Amino acid sequence: MALLLEQLLNGVQLGVTLFLLAAGLTLVFGIMGVINLAHGSLYMVGAYAAAVAASATGSAIVALLAGLAAAAAVGMVVEYVVLRRLYARDHLDQVLATFGLILFFNEGIVLLLGRQPLFVNVPEALRGTVRVLPGVDYPVYRVAIIAVGLLVALGLYVLIQRTRVGMLVRAGATHREMVRALGVDVRLLYTMVFGLGALLAGLAGVMTGPILSVQVGMGEQILIQTFVVVVIGGIGSVRGALFGAVLVGLVDTVLRAYVPGLLRQVMAGSEADALGAGLASMGVYLLMALVLLVKPRGLFPAHA
Amino acid sequence: MILNRRGLLASGAALGLGASSLARPALAQGAPLKIGMITTLSGAGGYIGQDIRDAFMLAIEMEGGKLGGANVQVLVEDDGFRPGQGKQVAEKFIKNERIKLLTGIIFSNILGAVVGDVLDAGGIYVSPNASPSNLAGKECHKNFWSIAWQNDSLHESAGQLATNLGQKKMFILAPNYQAGRDALTGFKRLYKGQIAGEVYTRLDQTDYAAEMAQIRAAAPDGVYQFHPGGLGITFLRQYVQAGLLSNVPMTLAAPSMDATTLAAVGDAAVGINLTSHWNSDFDNAASKRFVAAFQQKYNRMPTYYAQQSFDAALAIGAALKGTGGKVDDAEAFYRAMKPAGFESTRGKFSFGSNNHPIQDWYALKVESVSGKPALVTKDKVLTNHGDVYAAQCTF
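Chain order of the listed sequences is A and B. UniProt numbering applies: residue 1 is where the first sequence begins, and numbers increase by one. UniProt numbering applies: residue 1 is where the second sequence begins, and numbers increase by one.
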């Protein structure tokens with residue numbers, strides 16, 4: 001029971017990390033209609049900026065601010081310089097251009113900082129483990145990630161449902177032409193939305209830095225799962241991104257933890273492990289296929 | 001990078017001119033012997049490829065631009081951690097550059113995609129790292145040489161060490177790919193205790209929280225895990241963060257705890273046991289010379305990957321000396337290579353019947369040396385250890 005609970009926490013933690021990435025990706029796709037493969041690069045930029053700042057100053061706060069600022073700034077520059085030219089083009093051009101950006105950012109980081117992965121220490125205040133329930137010790141830092149992720153979800157909800165900017169974002173997602181016709185500065189809105197998405201990706205990068213190693217290509221590793229989340233949740237829907245992300249996080253973690261064990265009951269040890277590992281890594285894609293079968297537009301389609 | 005570009009230009013020229021192989025003298029007097037190096041320079045394994053490349057170049061530089069008295073030119077290309085790309089580079093090296101001698105691959109899945117093409121074309125492959133079981137046994141080849149170890153030995157020695165340390169119940173983990181599955185098989189071959197749990201992770205996995213929870217629930221005496229390169233660093237850091245290292249000691253094989261991993265994990269790694277065929281504190285002249293030269297040139301400690309690549313260059317050098325700098329006659333190269341007439345940085349080294357090393361294995365421990373964690377060599381774990389596959393090999 002304690003094990004299951006710990007695994008569920010792990011799933012939620014992976015889920016909120018995915019949510020931070022997926023929220024930006026889904027907004028950008030839903031509102032601007034741009035497939036941004038370079039979203040993972042913004043995550044990487046955030047992680048690297050935080051890692052460099054942390055090793056230079058030793059302060060977790062400075063690292064956090066540096067990571068957020070770098071990701072948002074790079075995001076807005078990318079929007080202004082590259083993506084702005086692509087809104088009217090078809091998806092293939094966008095995929096090509098943003099794939100090019102991935103190569104650009106990866107090589108850029110190699111030139112600037114080398115290939116050796118960087119490592120960030122967990123901030124002093126967040127070290128150690130906490131007893132979340134009797135018999136379940138869980139790293140404080142991962143609890144903090146879950147808390148921050150849920151706070152961001154709440155903040156996004158307020159921003160999108162309760163503010164004027166949010167109203168424009170919602171309107172932009174569903175009635176793009178009408179918003180433009182009413183004289184809203186769509187260009188500015190796009191840059192802001194893109195900056196917000198980049199900021200969230202940067203936040204995800206900053207927070208996962210101390211858990212994972214900060215390395216070139218880290219964005220692509222998580223990008224595929226992020227796309228799965230966006231598709232499951234419904235393109236353009238932040239609410240869908242939250243539910244999709246937690247669902248994917250839970251399914252991935254629970255399958256990884258339990259499928260090999262279950263298979264071992266019916267077949268030989270090493271075969272069960274190999275097959276189980278294979279099945280577990282297919283799990284989220286099977287989930288995506290199932291969701292698409294039942295709800296072809298995702299769980300919470302934005303363009304109803 | 002310059003080498004890279006030169007390789008690209010040369011292949012572009014070969015494609016463009018078509019007849020360039022006519023124009024180019026085939027191994028004329030004075031033309032350097034080309035060696036093709038395919039290695040992983042990007043992604044999580046990127047630092048390993050960097051060490052493989054740098055150590056190989058260092059060996060050539062220490063001989064004044066030569067190996068075994070022959071002028072050599074090394075063409076380096078990144079396989080991008082992808083078997084498909086490795087295969088493409090190999091085809092380019094073999095067909096366009098007419099390279100006969102290849103080396104450099106780190107991961108066994110990439111080696112698997114490349115080695116067939118090289119050997120079928122009559123080429124020679126000298127492996128500084130990847131050495132999967134099939135190439136040591138049934139599919140062994142006269143022109144395939146492993147300078148590192150047969151992959152299982154890494155894990156057999158760790159299994160022996162865990163037995164020696166009296167760990168009765170072990171939890172074992174490895175990524176779900178050829179070398180990972182070989183790792184756990186190898187570990188179990190010489191480990192005499194009980195297996196508390198066996199888990200295969202994903203090769204692209206970055207978060208091991210689910211595995212940490214399983215280890216905690218199984219409450220073993222010890223953990224054995226094989227995760228090379230960046231994967232291992234991530235695994236260890238998360239193991240420490242989960243508060244497991246103080247309760248459940250870890251035994252490792254060399255790939256899971258090299259100098260780079262150690263620098264990344266820091267003090268938390270103190271107390272970890274591992275086995276290796278070489279360590280930077282080895283007390284022999286060749287090793288001392290290598291470590292000093294590497295540190296001076298690159299300003300970092302060589303990992304054991306660097307050592308293997310350095311030994312690979314020395315072994316090739318010894319063979320080239322025997323053949324007068326030629327690789328056209330594979331039979332002559334075989335005869336010159338087999339005695340392993342080079343001064344290995346690991347001390348004792350010889351080739352078994354299947355062209356894989358026979359060598360000693362040592363227990364290492366991470367200890368705090370003048371305030372910094374370092375790998376310290378302890379007892380010998382296995383002596384003159386070859387591999388179980390040699391018996392299946394006939395050529």
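If you're looking for bench data, these hints aren't it; they were derived computationally from the structure. Small disclaimer: the values here were computed from a predicted structure and weren't measured. There may be inaccurate statements among the hints.
[As the list claims (entries may be wrong)] Using C-beta positions, here's what the derived DEER-type ranges look like:
#1 A:59 to B:219: 19 to 27 Å
#2 B:296 to A:80: 45 to 53 Å
#3 B:343 to A:100: 42 to 50 Å
#4 A:107 to B:326: 51 to 59 Å
#5 B:185 to A:91: 41 to 49 Å
#6 A:91 to B:343: 53 to 61 Å
#7 B:219 to A:143: 51 to 59 Å
#8 B:371 to A:65: 50 to 58 Å
[Claimed, not checked] Going by beta-carbon spacing under 7 Å, a handful of chain B positions derived as facing chain A:
#9 43
#10 50
#11 176
#12 200
#13 202
#14 204
#15 209
#16 217
#17 233
#18 234
#19 242
#20 264
Glycine residues also receive a C-beta, built at the ideal position from the N, C-alpha and C atoms.
In ascending order, which of the hints set out earlier in this document are inconsistent with the structure? Failing hints, ascending: 1, 4, 7 and 8.
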